[in-house]
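Each protein sequence line maps, in turn, to chains A and B.
Okay, so the first sequence: first residue is 1 according to the numbering used here, each after it adds one.
Okay, so the second sequence: first residue is 1001 according to the numbering used here, each after it adds one.
It is possible that part of the hints are untrue.
Stated by the list, open to error - Simulated crosslink set (DSS-like; lysine-lysine; CA at most 25 angstroms straight-line): (1) B/K1113 <-> A/K162; (2) B/K1104 <-> B/K1120; (3) B/K1183 <-> B/K1209; (4) B/K1020 <-> B/K1065; (5) B/K1113 <-> B/K1183; (6) B/K1105 <-> A/K162; (7) B/K1104 <-> A/K162; (8) B/K1209 <-> B/K1220.
Bear in mind the hints are in silico, worked out from the structure with no lab data behind them.
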Amino acid sequence: MKRFVPALISFVLLTLGLELIVRGGWVSETLLPSPSMVLQSLAEMRGDFTVAFKETLLNVLAGLFLSITIGSLVAFVFSLSEILKRAILPFAIFFQTVPIIAIAPLLVIYFGFGSPTVIASSFIVSIFPIIANTLMGLESASQSQRDLFRIYQATPLQTLWKLKLPHAYSYIYSGFKISAGLSIIGAIAGEFVAGGGLGAMIDSARTQQRVDIVFGALLLLSLMGLLFIGAMALINRIILNKRPLATLSQE
Amino acid sequence: MMPEAVGIQIENLHKEFADKRVIENLNLNIEAGSFVSIVGPSGCGKSTLLRLIAGLETPSAGTLKKASEKELNFSFVFQDPNLLAWRTVYENVRLPFELNDQLKKLSADEQDKRIVESLKKVHLDESQDLFPHQLSGGMKMRVSLARALVNSPRLLLMDEPFAALDESTRFEMQRELHSLWQKERMTVVFVTHSLFESTFLSERIIMLKGVGARVVLDQKLALPATREESLRTTEAFNKIVEGLSERLRA
Chain A
1 MKRFVPALIS FVLLTLGLEL IVRGGWVSET LLPSPSMVLQ SLAEMRGDFT
51 VAFKETLLNV LAGLFLSITI GSLVAFVFSL SEILKRAILP FAIFFQTVPI
101 IAIAPLLVIY FGFGSPTVIA SSFIVSIFPI IANTLMGLES ASQSQRDLFR
151 IYQATPLQTL WKLKLPHAYS YIYSGFKISA GLSIIGAIAG EFVAGGGLGA
201 MIDSARTQQR VDIVFGALLL LSLMGLLFIG AMALINRIIL NKRPLATLSQ
251 E
Chain B
1001 MMPEAVGIQI ENLHKEFADK RVIENLNLNI EAGSFVSIVG PSGCGKSTLL
1051 RLIAGLETPS AGTLKKASEK ELNFSFVFQD PNLLAWRTVY ENVRLPFELN
1101 DQLKKLSADE QDKRIVESLK KVHLDESQDL FPHQLSGGMK MRVSLARALV
1151 NSPRLLLMDE PFAALDESTR FEMQRELHSL WQKERMTVVF VTHSLFESTF
1201 LSERIIMLKG VGARVVLDQK LALPATREES LRTTEAFNKI VEGLSERLRA
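So that you can see chain A by itself, here it is in the shape it has in the complex:
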């Protein structure tokens, strides 16, 4: 708990500073709302915020679930087949460089307005770190460990399951953490064009110049990100308490 104290102190100081700057009239409230004003908006519009938060959360969870499932499967297949990896991975890397905001209108054409487009957007943005990290982890087992499995005549699936996958744990966990954050970004980009959730709320507040609503939504999105990271850290701790999977050094 002690390690959170510095962060808590800086948060309180920043909030107080902002409150003073805005109330003192140094910055216009139409540009930067005071923290109290943001809290007031959150309280007054709690019904709208709750519905939007839930909708975005569900879309993000669906996008992240698809990323984790499909991304991991793709990485497993690539690790078992060098030819498939060479044939497909360069396109995945190229695809990753295209900005999601440029693809989002296409997704609306394909999936229509609403959740399917948002989930697809969240999925597209968050799948690549899972493929890249999982693959890197699966290939990180040493040559002598692979030789050991060859000597015992292990099948490729046994090598994947009993050697490569546990060895890749730290890489996979770090990929999941990166993707959790990206899945929120992808979902918000999707909601800007396809509607729904906190993304649409931000977009609509923008047209009304309601920065307090925008900041309220941003606060909730940060909270969502923190929830994801917290949940993952907890799961990671439970797993590591059972097995020292993160010991990547050669034993």
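Take the given structure of chain A and dock chain B to it, following the hints.
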């Protein structure tokens, strides 16, 4: 009764990597049940020869015969203990039973009995629930040895297994390995840089040198069958090491 040890016959063996000829026209006969050390300077092809015997590399030409290729009758001990960090000592030693189809056929009781026996042989039966990060370097190497012994190999291939250990642990491991070999009488092919180590352990030393892994020395050692610690300071021992050293420098 223990199955017979496995001998190795190597005839006109060649091995090339890309354009580099590592082994050229090698002929060797390693008798079943013997303890043979292969020494030589870095890059002379010692480890490649061991990998060829293990089937981890395929010969470019020539033949390499060891009894019953189908059966898993050999084990390999690497320089690195190669333990899986997420498995306990017991689970690491159990690994061959989970991977190899023949070994899988043994009953769970028989597997457990063999694992415990193997751990006893290396004095680690009390540490079976520990994870590798809780072990010292010497203990890790003992686990690696226990895993290699669990399938009762009749041929044990060892690639500089004690190179990373401190001197006192290395001496201890050498004594234990030699006494294990005396009890089990499997064939041991031991690759090492150390002339002292090879002299202490082996019945026979083969020195490889130069391009193509030429055999420059093939010597049977006239030393007592049981290797006591005091052997290291005897005149006979040091004379052998001196002779090997001169041959290596020549």
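To see whether the hints hold, each was checked on the structure:
1. Proposed proximity of B/K1113 and A/K162 is supported: the alpha carbons are some 23 angstroms apart, at most 25 angstroms.
2. Between B/K1104 and B/K1120 the CA atoms are separated by roughly 22 angstroms; this keeps the pair inside 25 angstroms, and the hint holds.
3. Among the hinted pairs, B/K1183 with B/K1209 is inconsistent with the structure: their alpha-carbon atoms are about 32 angstroms apart, more than 25 angstroms.
4. Our distance criterion of 25 angstroms between C-alpha atoms is met by B/K1020 and B/K1065, whose separation comes to about 24 angstroms.
5. At roughly 18 angstroms between alpha-carbon atoms, B/K1113 and B/K1183 fall within 25 angstroms of each other, so this suggested pair holds.
6. At roughly 19 angstroms between alpha-carbon atoms, B/K1105 and A/K162 fall within 25 angstroms of each other, so this suggested pair holds.
7. A hinted pair counts as satisfied when its Cα atoms are at most 25 angstroms apart, and B/K1104 with A/K162 qualifies at roughly 15 angstroms.
8. Taking the CA atoms of B/K1209 and B/K1220, the gap is about 18 angstroms. The hint holds against a cut of 25 angstroms.
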